[in-house]
Structure formats: structure tokens, C-alpha cells
Amino acid sequence: MGIVIAVISGKGGVGKTTAVANLGLGVAMNGKKCAVVDFDIGQRNLDMILGLENRVVYDMVQVMDGEATVKQAIIKSKVNENLHFLAASQSKDKSVLSSQKVYKLVKELKDTYDYVILDSPAGIESGFEHTIEFADAAIIVVNPEVSSIRDADRAIGILDSKSQKVKDGGEVAKYLIINRIVADMVQSGEMLKSEDILDILDIKLVGKVPEDNGVIDASNQGKPVILDKHSIAGQAYKRISARLCGKKVDMKDIEVSDSSLFKKIAGIFK
Amino acid sequence: MFDFWKKKKSASVAKDRLSIAIMSDRGGRDIYPFMDELKQEIVDVVKKYIGVRGVEIKKEIDGDWEAISIDVFLDRNNV
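Chains as they are written, first to last, in this note's numbering: chain C, 1 to 270; chain D, 1 to 79.
One or more hints might be untrue.
Stated by the list, open to error - Derived lysine-lysine pairs resembling DSS-like cross-links, with alpha carbons at most 25 Å apart:
#, chain 1, residue 1, chain 2, residue 2
1, C, Lys193, D, Lys15
2, C, Lys193, D, Lys9
3, C, Lys193, D, Lys8
4, C, Lys11, D, Lys15
5, C, Lys101, C, Lys33
6, C, Lys204, D, Lys15
7, C, Lys174, D, Lys15
8, C, Lys252, C, Lys204
9, C, Lys252, D, Lys15
10, C, Lys174, C, Lys110
11, C, Lys71, C, Lys104
Treat the hints as calculated values from the structure; they're not laboratory data.
Turn these sequences into a full structure, and let the hints guide you.
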């Protein structure tokens with residue numbers, strides 16, 4: 001039986017879908033069977049980031065409604081056979097989800113895969129609630145920026161009250177990814193430090209991802225950035241994926257940039 | 001160069017503002033679970049001496065301090 005991880009953020013546009021695609025692939029690269037499911041009904045995007053948009057035949061709503069089986073709807077990744085993907089419905093809206101249907105789907109996937117990663121819609125409405133409802137753990141993605149952090153705190157609050165695990169007297173494990181860190185700005189005091197963010201949100205850190213133009217380049221091509229050996233964000237996702245698979249990987253301090261030192265030295269010779 | 005020392009860094013401003021905003025977001029009714037009881041007891045005490053129409057409790061947060069103000073509305077017809 002696998003583990004179900006909901007990837008949430010509260011605010012949109014912080015890199016949630018990118019995180020899901022890269023962690024899914026990263027976990028698969030560690031030899032684990034992984035299913036990634038897009039729960040962002042009506043705003044399907046994970047298919048694009050994974051480069052699988054042309055292969056979608058059935059979506060998760062059709063599976064829930066019994067119009068297709070999981071086997072029929074699941075799409076295999078082109079780059080790693082351990083990674084499978086289930087698309088969100090593009091035509092319907094979030095109201096089609098019900099706890100019962102979500103439970104059945106999540107349970108079936110959990111029985112088949114080692115990791116089931118759910119891409120939550122932004123916001124804290126019903127679509128979000130259904131994504132977290134049957135999750136064993138949640139990964140919260142934030143940017144080092146006030147609105148993202150505040151919205152994340154609201155999402156965590158709802159996670160702590162609405163998750164089935166909590167209702168059953170348990171606890172959902174929560175881990176934070178700080179995405180789009182600009183080392184130079186942290187150094188100059190213009191961007192929140194990760195310790196400050198952890199202080200405010202009071203949760204555990206699973207990884208820091210630096211700002212990296214390669215992420216857009218990767219999404220243009222539909223090849224998750226983790227495949228790009230030279231990308232610093234890709235390397236960060238590799239480390240986080242390994243951690244998710246139980247490996248001990250030291251937290252690389254990406255907030256101290258080599259580049260700022262280089263710039264200073266270069267400045268001397270100008 | 002000297003501005004560098006004078007100006008408070010924006011990241012620390014962000015931290016302060018966030019801490020307060022999130023505290024109040026989390027707060028609402030949860031911080032004071034005894035609020036309803038407190039209200040009732042105040043009404044009971046004041047009622048012993050004078051008519052009471054209602055009690056309103058307001059919470060205010062500004063920077064480091066937090067204040068609760070309690071308004072007791074008296075019932076003039078029932079003095």
C-alpha cells in the first residue's frame with residue numbers, strides 16, 4: 001500500500017504543478033511506482049508540464065463516474081516507466097467531485113502505487129478540500145513572499161481541520177517546499193530567509209528550490225526540469241525526491257549564492 | 001552606502017507584517033474559546049445592579065500589543 005501526498009499552496013502560481021511533475025518523476029527515477037493526479041478540474045495543466053497533453057483520452061472524473069477504468073485512463077510517462085499520470089477533467093467544474101468518489105479513486109491508486117501525488121487546485125474551496133481529504137501527507141509549496149505565505153497558512157489550517165486522518169484522530173504529515181528563492185536577495189535582506197518562513201508557518205522543511213529560468217524553458221518543452229542536469233531547480237527537485245523516498249540528503253544552502261561572491265570579485269577587476 | 005544602515009531591510013518588515021497578519025488570521029474565535037462564557041458572566045454581574053441590553057467584545061491588534069475592549073450596553077428602561 002502506497003502513500004498519498006497532496007501538493008497544496010493556497011495561492012496560485014507559486015509552482016505547485018511544476019513541483020508535482022518534478023517530484024512525481026523524481027520519485028519514479030528512484031525506482032518507485034508513482035501516480036500523479038491532476039485535481040485542478042477545469043484548469044488542467046499537469047499534462048502540459050509532463051508533455052503528455054496529446055495522450056489524454058479519459059480523465060479522472062470519467063474514472064470516478066465509472067465511464068472508464070483507472071487502467072484505461074492512466075497515461076504512462078514517455079521518460080520513465082514508473083511514472084503514471086491521470087488527467088483532470090477540462091470540461092466539467094469542481095462541483096462534480098464528491099467525497100465518496102474521491103475516496104474510491106484514491107484508494108484504488110493507493111493499492112497499486114508506492115506514491116500517489118495529487119495536484120491540488122489553488123484556493124481553499126471544495127476542489128482543494130477534496131484533494132486533501134484522503135491524503136496521508138501534504139507538501140505545501142510557497143514562494144518567499146508575503147501573500148503566498150499567508151495563503152499557505154490558511155490552506156494548512158483547513159488541512160488540519162478537514163482531513164479525514166485528522167478527523168480520525170490522527171495527524172497529516174506536512175512538509176514545506178520554498179520555491180523560487182533568489183540567493184542574492186536573501187543575502188541583501190530583500191527576501192525572507194527560509195528560517196523565518198519556517199518560524200512563521202511552524203512546519204518542517206523538505207526542500208528549497210532556487211529561482212531558475214530553466215523551469216519555463218522546461219515547461220515550454222513539456223520536459224520536467226529535473227531531467228535537465230544543469231538546472232539548479234532540477235537538482236533541487238532531485239534532492240527533494242530522494243528525501244521523499246527516505247534517503248538522507250543534506251539540505252543544500254541555496255540561500256548563500258556563489259554568484260554573489262563571484263560578482264564581488266569580478267567587481268574588483270572592473 | 002549610508003542608506004544601507006538606516007533603512008530597515010524589507011525582508012524583516014515582511015516577517016513582522018506576516019507574523020501579525022497570520023496571528024490574526026488564525027485567531028478569530030479560536031484564541032479565546034472562553035469568549036462566550038466571559039460575555040455571559042459579565043452580563044450576569046452587571047445585571048445584578050442595572051439592566052443590560054448586550055455585551056460586545058472587540059479585539060484589536062497593533063504591532064506588539066493586543067487589546068480586548070468590552071462594551072456593555074445598558075438598558076435605560078430597566079434601571
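To see whether the hints hold, each was checked on the structure:
This hinted pair checks out: Lys193(C) and Lys15(D) have alpha carbons roughly 9 Å apart, not beyond 25 Å. With a C-alpha separation of about 12 Å, the suggested pair Lys193(C) and Lys9(D) falls inside the 25 Å cut-off, and the hint holds. Straight-line distance between C-alpha atoms of Lys193(C) and Lys8(D) comes to about 15 Å, which keeps the hinted pair within the 25 Å bound. Between Lys11(C) and Lys15(D) the CA atoms are separated by roughly 18 Å; this keeps the pair inside 25 Å, and the hint holds.
The hinted pair formed by Lys101(C) and Lys33(C) meets the criterion: a straight-line CA distance of about 23 Å does not exceed 25 Å. This hinted pair checks out: Lys204(C) and Lys15(D) have alpha carbons roughly 18 Å apart, not beyond 25 Å. Taken as a hint, the Lys174(C) and Lys15(D) pair is honoured in the structure, with Cα atoms around 21 Å apart against an allowance of 25 Å. A hinted pair counts as satisfied when its Cα atoms are at most 25 Å apart, and Lys252(C) with Lys204(C) qualifies at roughly 15 Å.
At most 25 Å may separate the alpha-carbon atoms for a hinted pair to count; Lys252(C) and Lys15(D) meet this at roughly 23 Å. The suggested pairing of Lys174(C) with Lys110(C) holds, with an alpha-carbon distance near 19 Å, which does not exceed 25 Å. For the hint pairing Lys71(C) with Lys104(C), the CA-to-CA distance comes to about 14 Å; that is within 25 Å, so the pair holds.
Every hint from the earlier list agrees with this structure, and none is contradicted.
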